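Starting from the structure of chain A, add chain B where the hints point.
There are 2 protein chains.
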Amino acid sequence: MEVPKIDIRISYDTMKGEFKRVFLKCGMDLEKSEVCAKIHTESSLDGVYSHGANRVARFFNFVQKGWVDVKAEPSLEKSFGAVEVWNGNRGPGILNALFATDRGIALAEKHGIGLVGLKNTTHWMRGGTYGKYAAEKGYVAVCWTNTESVMPPWGGREVRLGNNPFVMAAPSEEGPVILDMAMSLYSYGKLQVTGLAGKKLPFPGGWDKEGNLTDDPRALSESLRLLPIGYWKGSSFSFMLDILAAILSDGLCAAELDNIESGNCTGCSQIFILIDPEKIGGREYSGKVIRIAKEHIKSSAPAEHGGRIQYPGEGSARSRADNLKNGIPVDEGVWERICGL
Amino acid sequence: MEVPKIDIRISYDTMKGEFKRVFLKCGMDLEKSEVCAKIHTESSLDGVYSHGANRVARFFNFVQKGWVDVKAEPSLEKSFGAVEVWNGNRGPGILNALFATDRGIALAEKHGIGLVGLKNTTHWMRGGTYGKYAAEKGYVAVCWTNTESVMPPWGGREVRLGNNPFVMAAPSEEGPVILDMAMSLYSYGKLQVTGLAGKKLPFPGGWDKEGNLTDDPRALSESLRLLPIGYWKGSSFSFMLDILAAILSDGLCAAELDNIESGNCTGCSQIFILIDPEKIGGREYSGKVIRIAKEHIKSSAPAEHGGRIQYPGEGSARSRADNLKNGIPVDEGVWERICGL
Chain A
59 MEVPKIDIRI SYDTMKGEFK RVFLKCGMDL EKSEVCAKIH TESSLDGVYS
109 HGANRVARFF NFVQKGWVDV KAEPSLEKSF GAVEVWNGNR GPGILNALFA
159 TDRGIALAEK HGIGLVGLKN TTHWMRGGTY GKYAAEKGYV AVCWTNTESV
209 MPPWGGREVR LGNNPFVMAA PSEEGPVILD MAMSLYSYGK LQVTGLAGKK
259 LPFPGGWDKE GNLTDDPRAL SESLRLLPIG YWKGSSFSFM LDILAAILSD
309 GLCAAELDNI ESGNCTGCSQ IFILIDPEKI GGREYSGKVI RIAKEHIKSS
359 APAEHGGRIQ YPGEGSARSR ADNLKNGIPV DEGVWERICG L
Chain B
59 MEVPKIDIRI SYDTMKGEFK RVFLKCGMDL EKSEVCAKIH TESSLDGVYS
109 HGANRVARFF NFVQKGWVDV KAEPSLEKSF GAVEVWNGNR GPGILNALFA
159 TDRGIALAEK HGIGLVGLKN TTHWMRGGTY GKYAAEKGYV AVCWTNTESV
209 MPPWGGREVR LGNNPFVMAA PSEEGPVILD MAMSLYSYGK LQVTGLAGKK
259 LPFPGGWDKE GNLTDDPRAL SESLRLLPIG YWKGSSFSFM LDILAAILSD
309 GLCAAELDNI ESGNCTGCSQ IFILIDPEKI GGREYSGKVI RIAKEHIKSS
359 APAEHGGRIQ YPGEGSARSR ADNLKNGIPV DEGVWERICG L
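These protein sequences, in sequence, are chains A and B. Residue 332 in the working numbering sits at position 274 of the first sequence, and the numbers go up by one each step. Residue 350 in the working numbering sits at position 292 of the second sequence, and the numbers go up by one each step.
In short, the hints are calculated from the structure, not lab data. On a predicted model such as this, the values are computed, not experimentally measured, just so you know. One should not assume that every hint holds.
Which copy is meant is left open, so a pair is good if it fits within one copy or across any two.
Within a straight-line C-alpha distance of at most 20 Å, the following computed PhoX-like cross-link-like pairs (lysine-lysine) qualify [to be verified]:
#, residue 1, residue 2
1, LYS136, LYS168
2, LYS168, LYS337
3, LYS96, LYS83
4, LYS337, LYS195
5, LYS337, LYS136
6, LYS96, LYS195
Next comes chain A alone, as it looks inside the complex:
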């Protein structure tokens, strides 16, 4: 996995232009290339480097291998009231997920709430993208995806659970609040960055090969025994997200995704629940609640252990402002590889 060592900074426009060139070279049409380039650039812009620039060359590779079909379009499989099930036909995960979010918004517009189950899709990159997209249009979003197994269940030592990201977002005139949370305490990307820097993790992140809890990132990269958030709790949460993704999209669960030869979320199931706050207390009420809740947490005295008191999405908003001004950090090797495609 590539990891940004943050060697150079590239402007938003340059980065997006370069990504677009790569997506066009993948065989995507102009409009789709523009969308995918924008989403990848914005992920890096918002500080989610793991799913921005760092995924572009890998995406190119997946297309070449035939794991992602850039020409595929989602097709409707079922529709009932406020619920729709779509087959992603293994098209680009970003395009399928944006499409599903738009369908969910249309359903929410009509019914107050909408559920879109998207089966047989591919990696959606940064999950927060869809929460942000919906919240910026004024909607509440609850979304998640399943993945192949990458984490042991509580009480076990072999990988049997996905690291299923869970997203919740709400609109406010000060900008959306967005939770974008994977089920392991640390990502493999974080392990690699920390390991390369010769550092320890802030808190134990899993078990080493001998079954000892450890804060050594290298030991965890080797054992593959990541700790779920909240130990047994995150293990159960991950299980539920996996089965509900499959049940609500008429799609596949982790156990089945593990048997698909092409890895990295190929064939996965995603859920998009969209709600229109205008049909409840209004968008202004959403903003009001968020303002009160933000002020509330920030009124706490700071902890001795450090860490900033922040609302979900505040870190990304800060990275965005900084990166717009100073350029988007990208590892030189990663950037060169993209430019060479």
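Just chain B now, with coordinates in the frame of chain A:
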């Protein structure tokens, strides 16, 4: 807080009968007393002692103080398509939440999915009750409640976040799977049980008064600095559940609940999202996915650190079977107090 020292065992019927007598004495009518007695007894039966027998005397006390109005009925505030907003009018939390779940089921029956926002209600006791209730009728449920502040936000040392339980449930012919997860790693009940036994927590559960991470339950009962699941992640998750509960019910958030004189969830907001899998892949498909996923996690080799590999709800099902056979454990003092009411 009372904690079961598991001194005596009471049969299901005896326990339910005694609870019913207390609820009748609270001024509840016969039918409502029957329902509340059943739910409290089933929580203890399923091993959720903290929200079964241990809450009955406290509920009686809350009614006497006027914090819960046993005569109140929910009233419809807003309705749009598949969304309804109800005012709980501070009636009994269990009855309001069951009512909301039933409304959600009716909406899901009609639209495939239904959202019920319930504002101004009272403590719903065991959150898993509503997931289980819906899943046993064949529906998928996603529910949560907000609460007053009981936990510091990440980076802060004063309580500013609720310990908002989050529930997900799905049906299968082998019995439902149910996630019922609060946002702190350990509950205050767990701290008290462990502290009374002179033991340490299995993992650090928060910060002591000086800001050191500790596994000493007594230090945490004193500092009130519980650790959210996944550290910063659970802090953000709790924030989102709080604001979304308020936004989607047109109700109050934690910052506002903190200003209500009567505590313990009085006036809180709850969300019930119900989905009919029959409108997607069918109930049999739900059962099939669950069966595959259960087998998958259980096929892992066991971890050295112990702990059982189990699906969400498996522990409760085991307690239920044991307690039905041998009687439901209850602390002698708690039981005597109930019998003396």
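A quick look at each hint next to the structure:
Both within a single protomer and between protomers do LYS136 and LYS168 lie at most 20 Å apart by alpha-carbon distance, with minima of 17 Å and 15 Å respectively. When the C-alpha separation of LYS168 and LYS337 is checked against a cutoff of 20 Å, the pair qualifies both within a copy, at 10 Å, and between copies, at 18 Å. For a Cα distance limit of 20 Å, the shortest separation of LYS96 from LYS83 inside one copy, 16 Å, qualifies, whereas the shortest one across copies, 64 Å, does not. When the C-alpha separation of LYS337 and LYS195 is checked against a cutoff of 20 Å, the pair qualifies only within one copy, where the shortest distance is 14 Å, while the shortest distance between copies is 28 Å.
Taking the closest pair of Cα atoms, LYS337 and LYS136 come within 20 Å of each other only across two copies (8 Å); inside a single copy the shortest separation is 25 Å, beyond that limit. In this assembly of identical chains, LYS96 and LYS195 lie within 20 Å of each other by CA distance solely inside one copy; the values are 17 Å within and 44 Å between copies.
The structure meets every hint from the earlier list without exception.
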